[in-house]
Amino acid sequence: MREETLTIMQTEQFYYDNKIVKKFVNATMFWGIIGMSIGLLLAFMFLFPNITDGISWLSFGRLRPLHTNAVIFAFVGNAIFAGVYYSSQRLLKARMWKDWLSNLNFWGWQAIIVGAAITLPLGYTTSKEYAELEWPFDIAIAIIWVAFGANLIGTILKRRQRHLYVAIWFYLATFVTVAVLHIVNSIELPVSALKSYSFYAGVQDALVQWWYGHNAVAFFLTTPFLGLMYYFVPKAANRPVYSYKLSIIHFWSLIFIYIWAGPHHLLYSSLPAWAQNLGVAFSIMLLAPSWGGMINGLLTLRGAWDKVRTDPVLKFMVVAITGYGMATFEGPMLSLKNVNAIAHFSDWIIAHVHVGALAWNGFLTFGMVYWLVPKLFKTKLYSIKLANTHFWVGTLGIIMYALPMYVAGFVQASMWKQFNPDGTLTYGNFLETVAEIIPMYWMRAIGGSLFILGAFIALYNIIMTARKGSKVTDELAEAAPLVKVTKHRTAKEGYHTWLERRPVKLTIFATIAILIGGAVQIIPSLLVDDYVPVISSVKPYSPLELEGRDIYIREGCVSCHSQMVRPFRSEVERYGEYSKSGEYIYDHPFLWGSKRTGPDLLRIGGKYSDNWHLNHMYDPQSTSSGSIMPSYKWLINAELDKSLTETKMEAMVKLGVPYSEEEITNAQLSMLEQGTKIEENLYSDPDFAKTYEADKKYAEENGEDFVEMRDREIVALIAYLQRLGTDIKVKTAEEASAQND
Amino acid sequence: MLKFIKGNLESIDGVAIYPIISLLIFFIFFAVLFWWVFTAKKEHIKEVSNIPLELIPDKEINDKNDLPL
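Keeping their order, the protein sequence lines are chains Z and F. Everything in the first sequence is counted per the working numbering, starting at 1 for the first residue and increasing by one. Everything in the second sequence is counted per the working numbering, starting at 742 for the first residue and increasing by one.
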């Protein structure tokens with residue numbers, strides 16, 4: 001027998017903090033339903049694009065980041081905290097280090113979510129996916145995240161359990177890596193209280209963003225949930241994990257490999273090929289640890305499959321782990337360049353992420369909540385039958401969501417790439433490819449509705465369980481404090497046994513493991529001068545175009561429109577010359593996008609008249625029949641805020657954009673000139689001239705303020721759109737004459 | 742697949758050292774990892790994997806909860 005158990009020490013009594021767990025469970029359910037409902041509203045906007053017509057803060061572009069942020073950081077985030085706070089205390093045999101830190105973590109996190117729910121619909125966004133919140137929130141997130149980490153590490157240091165169970169390592173890696181990712185990706189220069197520009201530009205910004213974006217999936221949606229899996233699955237099945245050795249390999253290889261895979265989001269883009277290929281290679285390797293973990297989770301249920309038949313908790317967990325397996329098989333496949341060429345920018349990706357979000361994160365959360373709530377309220381679940389109903393409705397919802405989106409993705413990609421024998425595009429009008437998949441969007445909306453229905457059933461069941469149970473109280477526990485480890489005991493132990501007792505060293509090693517990949521990919525992009533070949537004709541945006549670009553960012557245009565023409569014949573034929581990395585050097589932030597619900601916009605400049613853009617923004621469905629783009633009416637009348645233009649340009653100068661002193665001083669004049677030019681162009685449409693003059697006259701007669709067209713937001717946006725992708729078409733006099741010779 | 746990688750790397754001076762370093766980092770990382778795992782003692786693994794199940798049954802803790810302090 002081991003010395004530890006022989007020495008019977010004075011045991012200590014202490015209380016597990018259950019109230020904080022209850023709070024996080026409540027928040028999980030509350031934000032979960034809100035986040036999913038916004039998602040459902042967005043799904044219906046594909047079918048009824050005008051349901052929120054004219055309401056800027058309910059427009060698709062502004063709600064989309066709210067949906068992703070609410071689901072990732074509010075629903076899944078609160079579930080992580082609930083699970084971590086419950087399991088860590090028990091695995092470490094200690095109450096959380098400081099109650100005030102627990103509460104700061106809870107209230108701070110909720111405050112940030114409320115802030116997000118207000119500012120994102122108002123258009124305050126950095127436009128970088130899953131990092132849309134503006135700089136004051138970035139600072140708040142960092143503070144609250146550190147409070148969480150300090151609380152966790154403090155608890156680890158005062159633990160009464162000698163060895164750190166594998167779940168704790170996953171929590172530690174989550175804390176460290178999310179902190180690194182969040183801080184590096186959020187480096188930005190503020191220009192006002194709620195507006196900033198990314199420190200990085202173009203290709204660098206894209207690389208940093210997707211290193212972050214991919215690893216937000218890895219270290220926010222995956223590693224903490226694997227920790228929860230390693231705790232709650234054995235708990236629910238009442239047997240230890242299938243192979244603890246496998247879990248050690250799973251942990252180290254997963255965190256080591258995951259961090260490298262980010263560039264697979266940028267295949268065929270202007271990112272240097274070596275970085276793309278590095279991302280591909282590591283993404284494929286990732287299959288091994290991911291499936292190792294999945295198998296470990298499922299095999300934990302060996303000999304307990306009879307329980308799976310009757311216990312809803314285990315049912316949810318089985319589907320969750322299966323979903324994890326499917327998503328992590330699909331991920332490496334999507335990283336293959338030839339598969340990615342089909343799937344990228346299409347609805348296939350939407351299917352992929354929802355298998356992860358609905359099945360893996362959603363169902364593991366529900367399984368955990370169904371297990372936790374009766375424990376917290378010291379009772380039994382109100383209705384097993386309802387939980388089973390939720391399980392089947394939810395599972396059906398996931399299938400109904402994912403399958404049509406796979407079909408939609410294939411249909412889109414096939415139609416985008418289809419050529420006629422004479423070399424022209426078969427579906428030259430992008431809208432044909434949209435109309436074709438509307439039935440799939442219907443099925444998706446039904447699938448999503450089922451999933452939410454399930455969540456409401458869960459909510460009812462949980463409320464009823466809480467009502468029938470007793471008040472949540474802190475739970476008494478006892479354990480002996482740790483004594484100093486003797487030499488005799490450690491004489492023959494293995495290295496990992498030693499490491500498992502040393503949280504600080506374990507954390508440092510985990511940090512090194514995750515830093516290697518990030519450093520290899522990102523540092524060259526920041527240091528090497530010729531990383532991005534310079535194109536001499538690419539010039540900074542004019543002041544008005546810069547303001548127009550900020551409107552493009554505010555309205556979330558990037559949610560549906562990419563600015564990245566990949567070097568495929570089908571894309572060059574449809575959009576124009578493929579993208580060059582040198583074209584983006586003044587783009588703080590980059591706006592490549594990740595989804596094409598509408599066509600790519602990189603080469604939109606000069607394709608249509610100014611009038612077309614005006615009419616299109618007023619009523620997209622009139623200029624483009626069958627379009628599902630909503631109207632952006634408010635841009636037509638709103639006055640452009642030019643008060644910050646100089647500040648914005650100065651910020652850009654600090655970030656390396658070569659605006660001269662003179663250009664900054666003359667910004668207002670330059671905007672007036674360019675705006676007036678566009679206003680004149682607009683007069684070429686007699687209809688416009690007539691209505692505009694009538695409006696002007698009406699305002700004059702009634703003594704109302706009238707904003708000249710040249711001072712309106714729409715003009716800035718038109719200026720930006722007409723500039724897009726045109727720089728490489730500019731030829732110097734010499735080049736032009738050389739060509740003529 | 743290799744045609745994507747070759748051209749980009751050939752242009753860097755002394756590029757031959759990079760694959761060797763990469764391979765070494767990789768090999769050593771996984772060699773050490775597997776060595777750790779396979780030399781771990783069975784009883785230790787068993788002990789640690791049982792941590793979540795907690796040796797004191799839940800019932801006992803709950804009973805204690807009811808007692809006044």
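Errors might be hidden in some of the hints.
Here are a few chain Z residues that sit away from chain F, every Cβ distance over 10 Å (derived from the structure) [stated by the list, open to error]:
hint: 1; residue: TRP107
hint: 2; residue: PHE256
hint: 3; residue: ILE295
Below 30 Å or equal to it, Euclidean Cα-Cα: the simulated DSBU-like pairs (lysine-lysine) are [what the hints assert, rightly or not]:
hint: 4; chain 1: Z; residue 1: LYS158; chain 2: F; residue 2: LYS787
hint: 5; chain 1: Z; residue 1: LYS484; chain 2: F; residue 2: LYS783
hint: 6; chain 1: F; residue 1: LYS783; chain 2: Z; residue 2: LYS385
To give a feel for the contact side, a few chain Z residues facing chain F, derived at Cβ under 7 Å [as the list claims (entries may be wrong)]:
hint: 7; residue: LEU157
hint: 8; residue: ARG160
hint: 9; residue: HIS163
hint: 10; residue: TYR231
hint: 11; residue: PRO240
hint: 12; residue: LYS245
hint: 13; residue: TRP252
hint: 14; residue: PHE419
hint: 15; residue: GLY423
hint: 16; residue: LEU425
Source of the hints: derived by calculation from the structure; they are not laboratory data. Computed from a prediction, not measured in an experiment: that's the story for all the values here. We treat Cβ as the ideally placed atom computed from N, Cα and C, and that holds for glycine.
Structure-based check of all given hints:
no.: 1; hint: TRP107; in the structure: holds, 27 Å
no.: 2; hint: PHE256; in the structure: violated, 6 Å
no.: 3; hint: ILE295; in the structure: holds, 16 Å
no.: 4; hint: Z:LYS158 with F:LYS787; in the structure: holds, 23 Å
no.: 5; hint: Z:LYS484 with F:LYS783; in the structure: holds, 23 Å
no.: 6; hint: F:LYS783 with Z:LYS385; in the structure: violated, 41 Å
no.: 7; hint: LEU157; in the structure: violated, 17 Å
no.: 8; hint: ARG160; in the structure: violated, 12 Å
no.: 9; hint: HIS163; in the structure: holds, 5 Å
no.: 10; hint: TYR231; in the structure: holds, 5 Å
no.: 11; hint: PRO240; in the structure: holds, 4 Å
no.: 12; hint: LYS245; in the structure: holds, 5 Å
no.: 13; hint: TRP252; in the structure: holds, 5 Å
no.: 14; hint: PHE419; in the structure: violated, 24 Å
no.: 15; hint: GLY423; in the structure: violated, 25 Å
no.: 16; hint: LEU425; in the structure: violated, 26 Å
In summary, the numbered hints that this structure violates are 2, 6, 7, 8, 14, 15 and 16.
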